Structure formats: structure tokens, C-alpha cells
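Enquirer: Please arrange chain R with the ligands on chain V, whose structure you already have, making use of the hints.
2 protein chains.
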Amino acid sequence: MASFLRSGKKIVAIGRNYADHVKELNNKVPKEPFFFLKPTTSYLPSGGNVEIPRGILAHHEVELGVVIGKGGREISEQDAYSHIAGYALAVDMTARNLQDEVKKKGLPWSAVKGFDTFTPISSFIPKSQVSDPHNLSLWLKINGEFKQKGNTADMIFGISRLIEHVSSIMTLEEGDLILTGTPAGVGPLNAGDEVECGLADGATEKELLRLAFG
Amino acid sequence: MASFLRSGKKIVAIGRNYADHVKELNNKVPKEPFFFLKPTTSYLPSGGNVEIPRGILAHHEVELGVVIGKGGREISEQDAYSHIAGYALAVDMTARNLQDEVKKKGLPWSAVKGFDTFTPISSFIPKSQVSDPHNLSLWLKINGEFKQKGNTADMIFGISRLIEHVSSIMTLEEGDLILTGTPAGVGPLNAGDEVECGLADGATEKELLRLAFG
Ligand SMILES: [Mg+2]
Ligand SMILES: [Mg+2]
Ligand SMILES: [Mg+2]
Chain V
1 MASFLRSGKK IVAIGRNYAD HVKELNNKVP KEPFFFLKPT TSYLPSGGNV EIPRGILAHH
61 EVELGVVIGK GGREISEQDA YSHIAGYALA VDMTARNLQD EVKKKGLPWS AVKGFDTFTP
121 ISSFIPKSQV SDPHNLSLWL KINGEFKQKG NTADMIFGIS RLIEHVSSIM TLEEGDLILT
181 GTPAGVGPLN AGDEVECGLA DGATEKELLR LAFG
Chain R
1 MASFLRSGKK IVAIGRNYAD HVKELNNKVP KEPFFFLKPT TSYLPSGGNV EIPRGILAHH
61 EVELGVVIGK GGREISEQDA YSHIAGYALA VDMTARNLQD EVKKKGLPWS AVKGFDTFTP
121 ISSFIPKSQV SDPHNLSLWL KINGEFKQKG NTADMIFGIS RLIEHVSSIM TLEEGDLILT
181 GTPAGVGPLN AGDEVECGLA DGATEKELLR LAFG
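From first to last, the protein sequence lines stand for chains V and R. In terms of this note's numbering, the numbers along the first sequence are unbroken and rise by one, the last being 214. In terms of this note's numbering, the numbers along the second sequence are unbroken and rise by one, the last being 214.
The following block holds chain V by itself, in its conformation from the complex:
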């Protein structure tokens, strides 16, 4: 599954899954999970450069990614863990100015989330190396300064519930990625900024993954 970048067909990205982030954008806490699709052509492997199109205000959203190992549909919360291959650290780049417009007009989010390079992504870590996916700290720095710092313990809907919800609508396939939402601290990325992100075990503080891009 280390090859999910090439083999995966879809990225299912959950919105508003950390209360502090819901608040900072003046949104409402959702009663059930919701999601949008990002194309796999938006992947940017660590070390690359995000391309910000002219006129776009691009926001960073650091997120835990869940890589599907065994596909399925109507997966129950009880079975969900067995469908996970492992994890990755990702940034759900968002054209925030365009998103504000499409939200007002009731239009889809696919374009504002789907530009090439808008999903910077780390390497893969198998689930056996993660002792508790709901106690992971994740952070994002721009030019050495912390912008986002969160813990997956604060997700509104846990990973099993997300897998149950998504697979009740669309079949999940091997290599698909679920982005589990972002904690507070989202903000703009400017040309020339250096971004570093990390994922660590929340109990031991052992670093598990790192992601860097320009």
C-alpha cells in the first residue's frame, strides 16, 4: 500500500471534524460526517512545490490520512479497522476565496479543493506501527513557526465512523485515502513559504511521519 499515491483512485476528504476548526470558520458542528472528493492528480509527494494559481488565496489544512487496504461497501464501525492498511500525513490545500464564493452560490467544491499539487502527502506508515490512531499529534509550521497543532483525539467523528459513513454511500477500494479533517489554525500559504508538518504518537511523542513542501 506504500504505492497508494499511484494506485489509489479517490481521496475522500471529511469536512469540519474538529470543533476548534469549525469555530474558526464560523461553521456549524455537523450532525453527521460530510465529505468531498479530491482527485488523485492533486497529490504532491513530500519535497515538492505547491502551485498556487494566480488570484487564489490558498489555505493549508493539515490532516491525518487513512489509507484503505481492503475495499468494501457498507462497512460497519466494528469492521472498519480491518479495512485500514495504514496512515499518511497530508495537507488539504483549499482555494479559500473560491470556496467562499461556491459556498454562497451552492456550487460544488471539487475545483476549489482539486487543483494539481493541492494534496501534499507524506510517505505511508502501516497501521501496525501506530498504537492509537486517536491519540496522534499533528502539526504544521510555516517558515519555522507553528500554525496548526492538534490531536486526533479531538475528532468529532472517529475513524471507524468515517469509514462506515463513506462506505454507506460509495464503495471504498484498496488505495483510497480518507482525509479525516483539520484542527484549528488554517491560514494562507504564500509563494516561497516553506512548510513542514509532523505526525507523532500522542503518548510517547515519538515522531512517525514528516512532510515538507515549498
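Simulated from the structure, these hints should not be mistaken for laboratory data. Model, not experiment: these values are computed from the prediction. Be careful, since some hints might not be right.
Because identical chains cannot be distinguished in the list, a pair is counted as satisfied if it fits within a single copy or across any two copies.
[Unchecked claim] Distance condition first, Cα-Cα at most 27 Å in a straight line; then the derived DSSO-like pairs of lysine-lysine:
| no. | residue 1 | residue 2 |
| --- | --- | --- |
| 1 | Lys104 | Lys149 |
| 2 | Lys31 | Lys104 |
| 3 | Lys149 | Lys28 |
Expert: Quick look at chain R with the ligands alone, frame taken from chain V:
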């Protein structure tokens, strides 16, 4: 490319591309194309059965599908035709009641368009067998009665323009499908309905593709 159903990674679906359909849903004619993503897990090969989840009002939208042969990004209108492998006939099934809700709330369209079986799709026809993609008649019947009848001549944005627009945002890959929008006549599909769709040369009336599902 006859295997795009299995090999393709994304379905890019254009909204509001026929003026008569824009009007019937009380929408505004867009100034530039817009689109949403459907997952390839929503494909339903001809002969299958659409599954309508409980509580869902499912509408049919018959559309010409353009199958990408040669991938690319920032494809110009001039080059667009050389990136096309061929065509298919598809139905962009839509959970209309949920779509009305998410439009009001400014939420993404991915779920309301992305249920398993929500993209019934015909076999593939190579572009060499289509003399003019902008003079194709397409129709949809339910239980033998015409519901939609249109001609691709009436698209607001032509195929080359759509390819240019989409590929200016996200790279297109071999096997990707672009759904080019639906003419007027969309409406509900009920359990047990038999649906038949056809695509024909607009000049000669020669039938090119047929699609049937229950
Ligand atoms: Mg996000
Ligand atoms: Mg969407
Ligand atoms: Mg449509």
C-alpha cells in the same frame, strides 16, 4: 480505452451546460463551466440496476461522456480533440432532494452524486466512429416514454472548451471520463422503472450507442 470503466480514475461532471435544463431547475446560465467529481465506483454497466437508497429522490440526467485517451494538463482548446479517445453514453444520477439541501447549506455535491450505481454507462465508441460530437442526439425513456431528448449542438460550452477548463485545474489522465451536462427533462426514477437511452448521429439518425438499466 474500452476498459475505461476499470482503469479510469475520475469522472468529471459538468453542471448546467444546456440552457433548457438550466431553466427547468431555476438556475442561472454559468459564465464559465463548472464541474464536480463522481467516483468511478458509481459506474453501473448497461443492463444493471440502479440502487436508490431509502429516502432519496433520484433524478436521471442523460449525458454524453467523453473518454480521455491521452492525459495532460493545461490542454488548449486547439489541442483538446487529440486527447479524446472516444465517447460513451451515461446517466448522471442525482439525489435531487439531498442536492437541494446541500446547495442551500453551501456543502459539497460529492455524496449526492456519488452513490454506488449512480453513473449508468454504455459501452465505448472510438472517436473515429463519430463524425461530429456536436451534432449527436441523445434521449432517455422511462418505461417506453420519452423523458429527455436533446442534441449536443445545444451545449453552452463545447467539448474542447470543457477539456481546456478542466485541465487548467486538474490534470486529465487516460481513462478519465468527462460528463458534458444534461438537456432538459430530468425527473425522478422509481424502483421498478425500466430506463433506455440512446445516442445517434444527428445528421443521419444512425444509432451509435444504447444504454439500458432498471
Ligand atoms: Mg480539509
Ligand atoms: Mg463536490
Ligand atoms: Mg449532470
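Enquirer: None of the hints should be skipped; say for each whether it holds.
Expert: A quick look at each hint next to the structure:
1. Lys104 - Lys149: Intra 29 Å, inter 32 Å, cutoff 27 Å: neither.
2. Lys31 - Lys104: both (21 Å within a copy, 16 Å between copies)
3. Lys149 - Lys28: Cα proximity of lysine 149 and lysine 28: one copy only (21 Å, versus 42 Å across).
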